[in-house]
Amino acid sequence: MSVLRSIVASVRVGWYREFNWTNPLLGFSMRTVGPLAGVIAASSVYFVGSSAARSFSPSQLAFILIGAALYTHVAAYSWVPTLAIAEGKWTYVFPQVFISPHSSLPYLTGRTLASFFSSTLTVIVSLVLSFFILSSVFNTSIPFTVTPLSVTLLFFAMLVNILAAFGLGLLLSAYALFATKFEWALPTYVAGLLMVFSEALFPVSFLPHPVSDVANVLPFTEFMRASRQAMIQGGDVYSYFSYIGLATLGGVILLAMGFLAFRYAENRARRLGVIDKKTA
Amino acid sequence: MNVLDERLNDAPKIREDQPGLRNVMNRVDAEITVEVDGLRREFDSKEGKVTALDGVNLQVRKGEIFGVLGPNGAGKTTMIRILSTLLLPTSGKAGVMGFDVEKEPEKIRAVINMASGAERAGYDFISARGNLWFFSQLYGIPSEEAHKRINELSDMLGLQNYLDRKFYALSTGYKQRVTLVRAFINDPKVVFLDEPTIGLDVMTALSIREYILKQAKEHGRTILIATHNMAEVDAICNRVAIIDKGKILACDTPAALKRSLGAPSLVLEVSPVPAPASLEPLGKLDGVKGYTSSVDEERGLSRIQVVVDSDGSAQSVIDSVRKSGMTVVSNWRQQATLEEVFVALVGRGFREREHEAA
Amino acid sequence: MKLHSNPWLRTAYARLWVRAKSIYGEPLWVAVNVGFPFFTSFSFTMVYRAYGLGAYAGFAILGGVMISFWGNVLWSMASQFNWDKQVGLFEIYISSPAPITAILVGMSLGGILGTAPSAAMVAILGWVIFAPPIHPFWPAVVLVFSLTLASLYAMGMALSSLYLAYGREADSVNEALHEPVSLISGVYFPSVGGISPFPFAVQAAASLVPLTIGMDALRQSLGFPIKVAFIPLYIEALILALMALILLLASSRALRFLENKGRRTGSIAVRQR
Ligand SMILES: Nc1ncnc2c1ncn2[C@@H]1O[C@H](COP(=O)(O)OP(=O)(O)OP(=O)(O)O)[C@@H](O)[C@H]1O
Ligand SMILES: [Mg+2]
Chain U
1 MSVLRSIVAS VRVGWYREFN WTNPLLGFSM RTVGPLAGVI AASSVYFVGS
51 SAARSFSPSQ LAFILIGAAL YTHVAAYSWV PTLAIAEGKW TYVFPQVFIS
101 PHSSLPYLTG RTLASFFSST LTVIVSLVLS FFILSSVFNT SIPFTVTPLS
151 VTLLFFAMLV NILAAFGLGL LLSAYALFAT KFEWALPTYV AGLLMVFSEA
201 LFPVSFLPHP VSDVANVLPF TEFMRASRQA MIQGGDVYSY FSYIGLATLG
251 GVILLAMGFL AFRYAENRAR RLGVIDKKTA
Chain H
1 MNVLDERLND APKIREDQPG LRNVMNRVDA EITVEVDGLR REFDSKEGKV
51 TALDGVNLQV RKGEIFGVLG PNGAGKTTMI RILSTLLLPT SGKAGVMGFD
101 VEKEPEKIRA VINMASGAER AGYDFISARG NLWFFSQLYG IPSEEAHKRI
151 NELSDMLGLQ NYLDRKFYAL STGYKQRVTL VRAFINDPKV VFLDEPTIGL
201 DVMTALSIRE YILKQAKEHG RTILIATHNM AEVDAICNRV AIIDKGKILA
251 CDTPAALKRS LGAPSLVLEV SPVPAPASLE PLGKLDGVKG YTSSVDEERG
301 LSRIQVVVDS DGSAQSVIDS VRKSGMTVVS NWRQQATLEE VFVALVGRGF
351 REREHEAA
Chain Z
1 MKLHSNPWLR TAYARLWVRA KSIYGEPLWV AVNVGFPFFT SFSFTMVYRA
51 YGLGAYAGFA ILGGVMISFW GNVLWSMASQ FNWDKQVGLF EIYISSPAPI
101 TAILVGMSLG GILGTAPSAA MVAILGWVIF APPIHPFWPA VVLVFSLTLA
151 SLYAMGMALS SLYLAYGREA DSVNEALHEP VSLISGVYFP SVGGISPFPF
201 AVQAAASLVP LTIGMDALRQ SLGFPIKVAF IPLYIEALIL ALMALILLLA
251 SSRALRFLEN KGRRTGSIAV RQR
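Chains as they are written, first to last, in this note's numbering: chain U, 1 to 280; chain H, 1 to 358; chain Z, 1 to 273.
Within a straight-line C-alpha distance of at most 27 angstroms, the following computed BS3-like cross-link-like pairs (lysine-lysine) qualify:
#1 H/K175 with U/K277
#2 H/K49 with Z/K261
#3 Z/K261 with H/K245
#4 H/K148 with H/K107
#5 H/K214 with H/K189
#6 Z/K261 with H/K247
#7 H/K217 with H/K189
#8 H/K166 with U/K277
Away from chain Z, derived, C-beta distances all over 12 angstroms, residues of chain U:
#9 V93
#10 F117
#11 G273
Since the hints were made in silico from the structure, they are not lab data.
Glycine included, every Cβ here is placed at the ideal spot set by N, Cα and C.
For reference, chain U alone in the conformation it holds in the complex (with noise of 0.2 angstroms):
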């Protein structure tokens, strides 16, 4: 089992690296007001329009928060692989690691685990926090439901959203692995398509016509779907779990095309010879 061996080493290079703070409260604060911001912006937008409008209702907002939240979740470990080759080839770490009997697909894995789990503490807190911050704020009550129940369907769908995500980040990481350029800026771009795609602010039924469609089954889309019938209040167990049923399935076969677009680029980028070439 040495793979699982060094898959746990990797989640605990990847916890020291996020965690690589003199003073561990500044550093979580630190990581956590971003998300934090992001959140009470997007309920802000909504705020400001639906006010205006006089159209303002609690259950929208809710939606928009827990939105906001696990988008932020989503975009801060998918990316991850990426980070991990690309500041990896800066430090030889990767080229290392990509000659390792197991070669980088256990790093990798490990290294996204890890920014998982810190990833699934700052969105938590910045989701409790928010919600304090703008049920005052907004003199609302935002209609959550916050049961042992409701909180064990919300980390068992972050937990299946896990599967898409690292496909997605293998998706990446296979543009990563022999890229020269645009490497980091790349996850950007895509953390944006993830924005308008996933359902995070504003149903996907919004879009035109095709690429409503294209929005509508991607597994980030039903993990949101799903995550919002755990958490607000006249969502029901059984839309849950037909949500996670398509969320399961659209992350085994995003994580099925990332697998093999990472194989097929750890090839290319050995003809290529650019495993250890360092770009900026």
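Given the structure of chain U, go ahead and fit chains H and Z with the ligands onto it with the hints provided.
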């Protein structure tokens, strides 16, 4: 300011032994371009105070290539950083072209340049030429003039065909060439080079040395080189200061330093490889100024270089090694190198010194 | 010496050239840089449309434009000297006679020039797709836009000296600043004035950030549908100019101070040899 130390005054005025350098101005009455007087520099570190420079005195003259030779951690880089206005002295004085590093850094910056072999500074997505032009603009050089200089200097280093490549696409050796073109781009009067050939292959290193030599000879620039490469010092330096633990132990022409050892040194190959401690008595023998050893793993033996003061002492070293139970596989005498000068001054070689420090 | 003619202008121009060239040398950068700002502003526009007011779409599009510059200020101004230090460029700047202010100004202008194409793309795309209702008074827009950029980049200069002082964690600080500053300065919605969702104390605090005043001034001059203006436009313009000036002076002083401190403590070069 009278900081000439005695050894320096005793230095031969013209070097007869290296015809290639005969044109270099090396007279005591030549203009003094770099002057260091009682220079100290301390750093605060986790383990307490580190003294990087401990009362250094130096004078370098116009047109001179001056080597600062010492093991890792000796204080070479610290000295260069002080002289190139990146670091202030803790106490003592340092001046370049008559300007004080502490009070007149702007005046110094206009007439110097510096480069480090460890540095690969440049903008990746800009061509080598673009980078060099950029650096020339930091000195306000008109573009036409700048490009002329870039072409000239690049020609000397065989860089001309690479000037249009993006910086990131250059190999280590060519990045280093770009750095060395940059170091002379502003027609500097004094140039500080920190390990200019570190990590380069022999041929590249040779061409870089030739380039440095030309810069001093043809343009009368003063060049101060920090290095722990003895061959480099031997090849191009008019004078060298040997530095260890922040102190200058000797300062003279390489030839005079080697001559000062008197007798040729003794090299012993012994087997089996002795424990380092079992060699220690060697250093205490009469007439032994110091020794350094290295292991030849392939042949399974240890090579010991002993600096001795006479042929008689050499013989007694051999005898005592035999007596201690080691087999002397072979032994010979050889003309002293700068390494042996260091051994004579410190008692141990660069390797051991760096090992101690680590 | 006749070689040395007006180093300030030459340095600033050269720094501008290097920065702009890195971007224009690779035209695809524009397409890549458009991505995130465009998609976020697209999403927020959709939020306005989906839940309320399509008329507010302009807020989000303007936000996408300005967020491009704010990102550029953070990632390419504030943390630039730290990066330069890592690769050994900073010590070359310091040991040369070039004035550090010239480098900063050149870097800013280069950054503005390099960001302009992608920011313009965001504006054009947003305009074409959503056609938000605006009634711009163009001379004011141009003036206010320039002043906003001036104060924003002056803030970048001030940050760059702060980062130099507190070193290493520059990237994390950038990440920590990016969203919160966008939030309080109201990049995607008016954070100050009549329709701000924030209490007055927060609005007052937010006004200390140049971007806040700049965003509000831009919204006013573009004739966005804001019911109650925060502060009259001409006063905002004055404030912006003042902020730019103060930040510029402060950062040049701070940098001189840090250079001296760095020479004392030995922190100008990272210890790489
Ligand atoms: N910024 C600093 N902070 C703390 N200590 C320092 C600093 N710079 C140098 N030192 C210490 O000062 C001493 C001299 O260092 P310096 O870099 O000058 O040596 P060197 O001769 O250039 O060595 P090398 O051959 O390894 O380059 C060393 O002990 C080093 O650890
Ligand atoms: Mg050194």
